[in-house]
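S.K.: Sequence:
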Amino acid sequence: MQQPGSTAIRQRKLSDALGWQVKIEIGERIHGCNGGSAHDRLQQAHDRRTIPLKKHWATFYFTLPRSHRVKKHHENMAETKQSKPPAKKAAPSKAVSTESKLARLGLRTDMDLVLHLPMRYEDETEVIDIRAACLRGGQTSQVEGIVTKNEITYKPRKQMIVHIADDTGELMLRFMNFYGSQTRQLAEGTRVRARGELKHGFFGAEMVHPSYKIVNEGAPLPTSLTPVYPSGEGLSQPVLRRAIADAMGRVDWTDTLPPRLIEKMQLHGFEPAVRLLHNPPQQVDEHALAERSHPAWTRMKFDELLAQQLSLKRAQDARRQKGAAPLAAVGSLTAAFQAALPFRLTGAQARVLEEIRADLRQPYPMQRLLQGDVGSGKTVVAALAATQAIDSGFQAALMAPTEILAEQHFRKIAGWMEPLGVKVAWLTGSLKKKDKMAASALAESGEAQLVIGTHALIQETVQFARLGLVIVDEQHRFGVGQRLTLRNKGADGLVPHQLMMSATPIPRTLAMTYYADLEVSVIDELPPGRTPIVTRVIDQNRRDEVIERVHAAALDGRQVYWVCPLIEESEALQLQTATETHETLAAALPDLQVGLVHGRMKPAEKQEVMDAFTAARVHVLVATTVIEVGVDVPNASLMVIEHAERFGLSQLHQLRGRVGRGSAASVCLLLYQSPLGPVAKQRLATMRETTDGFEIARRDLEIRGPGEFLGARQSGQAMLRFADLETDGWLVDQARDVAHALLHDPAGQPVVEAHLERWLGGREEFLKV
803 MQQPGSTAIR QRKLSDALGW QVKIEIGERI HGCNGGSAHD RLQQAHDRRT IPLKKHWATF
863 YFTLPRSHRV KKHHENMAET KQSKPPAKKA APSKAVSTES KLARLGLRTD MDLVLHLPMR
923 YEDETEVIDI RAACLRGGQT SQVEGIVTKN EITYKPRKQM IVHIADDTGE LMLRFMNFYG
983 SQTRQLAEGT RVRARGELKH GFFGAEMVHP SYKIVNEGAP LPTSLTPVYP SGEGLSQPVL
1043 RRAIADAMGR VDWTDTLPPR LIEKMQLHGF EPAVRLLHNP PQQVDEHALA ERSHPAWTRM
1103 KFDELLAQQL SLKRAQDARR QKGAAPLAAV GSLTAAFQAA LPFRLTGAQA RVLEEIRADL
1163 RQPYPMQRLL QGDVGSGKTV VAALAATQAI DSGFQAALMA PTEILAEQHF RKIAGWMEPL
1223 GVKVAWLTGS LKKKDKMAAS ALAESGEAQL VIGTHALIQE TVQFARLGLV IVDEQHRFGV
1283 GQRLTLRNKG ADGLVPHQLM MSATPIPRTL AMTYYADLEV SVIDELPPGR TPIVTRVIDQ
1343 NRRDEVIERV HAAALDGRQV YWVCPLIEES EALQLQTATE THETLAAALP DLQVGLVHGR
1403 MKPAEKQEVM DAFTAARVHV LVATTVIEVG VDVPNASLMV IEHAERFGLS QLHQLRGRVG
1463 RGSAASVCLL LYQSPLGPVA KQRLATMRET TDGFEIARRD LEIRGPGEFL GARQSGQAML
1523 RFADLETDGW LVDQARDVAH ALLHDPAGQP VVEAHLERWL GGREEFLKV
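What the sequence shown shows, in the numbering used here, is residues 803 to 1571, in sequence order.
No lab work stands behind these hints, which were simulated from the structure alone.
One or more of the hints may lead you astray.
Said to hold, decoys possible - Calculated lysine to aspartate or glutamate pairs in the EDC-like style (CA-CA distance at most 20 angstroms, straight line): (1) K951 to D931; (2) K1404 to D1237; (3) K1001 to E1019; (4) K1234 to E972.
Based on the sequences and whatever the hints tell you, model everything.
M.R.: Next up, the structure:
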């Protein structure tokens, strides 16, 4: 064992030789030469370099003077022998510039910044004393005081507590997340102006994570409301405000709208409106600003809607400049097809068919959206459009998003057309290579007059001899690029006509805005003989009663769908899976045939189960949402949807549409898990109250907003930022009329160009798809 005396000698020798301070720990902590334990000193000093010398039971700690620390360290590395190798320097993190952060928000130009308008405002024009703020507990207030205490506590979690005081009282500012620099910034004696919601906690009045600024005594207050902008990671409000203020000093403020139009529409000027929104004066109507009903907001909404209308209408005009083969013939095939139908078209079907036929006769491509509620008869209208193309000597293609839906279309349409001598080809990704090649050859040679399939139709290897009409079912489930690929397979460089179908009715305001570039046909009438569907909302706890109801319906000769939202177990969602439900129902209903179909099954297996269900060999079909659209089994009259609170309104409506297709009274049971959130309550209440697809679509738009409602339609398309289609429908009408007038007036072209450049910049080309 080394003696203490020799340790002291070693300390002195090393200190003399290396110029380092030496600290020694031997068993218990021994005080270092500067006072305090070596352990404590190491914890406190930020510039310490620790080199343990493992000699028997002693540990030596050396502290190198800053001036020559690195040099001495390297010179004596060989001499000390005991030192650790120097750690590799970490690569410096690449700083992200403010411009890059702004670009992530889509703010690349000065006009982008100017049109980045506040989402709300904070009133920093008034400071009240702390006592008055305490009396207004629960409200947002702004106070000013001196920091009397600043501490970091660790119970129940790490947080910084700052105490401020004025002549009337004391207040705590609590920060759960903070930087080390904030502890120095909010040092004792600092004057702070803090704004936040004041609450009375266990330890007295406090603000949690207030906004604050360091001020001098008597610092002036703002004279206008302080804007709060939509922001992103690493972009503080002060940085955004400075960037926007700088941009406002550089942009061209020339109004894009002519004075006569501004006067006629009673609109604010562009520059005054924008400046007011960025810096509202103290006397402004705060409620109108918050509700976005202020005239300055009205001008922004109108400009935005006008830009959207102009861009979509120009995209529509650009498409009409492209050539398409006129499909004028309504000949013998069409007549034979209609004569062979076992039913007559409804008035609504006949009306939209005439609209489609008129479009197909034009020398420019049709771009029509056919929408109709579940079960309204869109498929037969699409088939009649295809017969017009075939009568005119061209091919037609029908693309559906799922194999089940595509096969439903193939079986139904081929059953109608093949007896009339029409060759219908079937092409999906699940076909064997040999079958795919055979179907592709039929399309390329022109022998197949109608090709029905899934995404496989848009593969490069699939070519058509004379493609004249493209039909896309459930078009919102395809991306813009996918629809374009199929449209580019037209004959002789011509663009085929395009008919898009959707069973999700589109509210009028959406049809006038996001679908303004399309012609829209609506089947607003159901075929005769359809029975209304009764919908019931039932707690999951009554599941056994529901199973009894299913058993009774099956014994009565009816068939049942039981829909589950997941295939595999998820602990996070705790949802009943389709596989588990299938096992449970098979055990509870041993005298019935219970089938199972879900998206992970092979297509042949799925089709085998669906065929058995269609033939009534399966009484109860447990399924995921693969049966959401297109499945048509008239004998199915009971639908059970498990965990209905997890589905969207549109999806619930589509699923419910699988029943009610026969003459028997149909019922839809929505099982839910308590407790329900407010949105889920709204959805289920809507399903119980109405079966009208357009009313459901309107309420769905209210709940979700246009972004989620539109789905794939928004790919590459600028969404509305300021206008609210629910409250600003009157502005949509005005913007549409003004857009029409400007586009058809030669003198209006400079106005159109300037307005689109300001509001869309280089993004307009995305709308031409």
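S.K.: Could you tell me which of the hints above the structure violates, numbers in ascending order?
M.R.: Violated: hints 3, 4.
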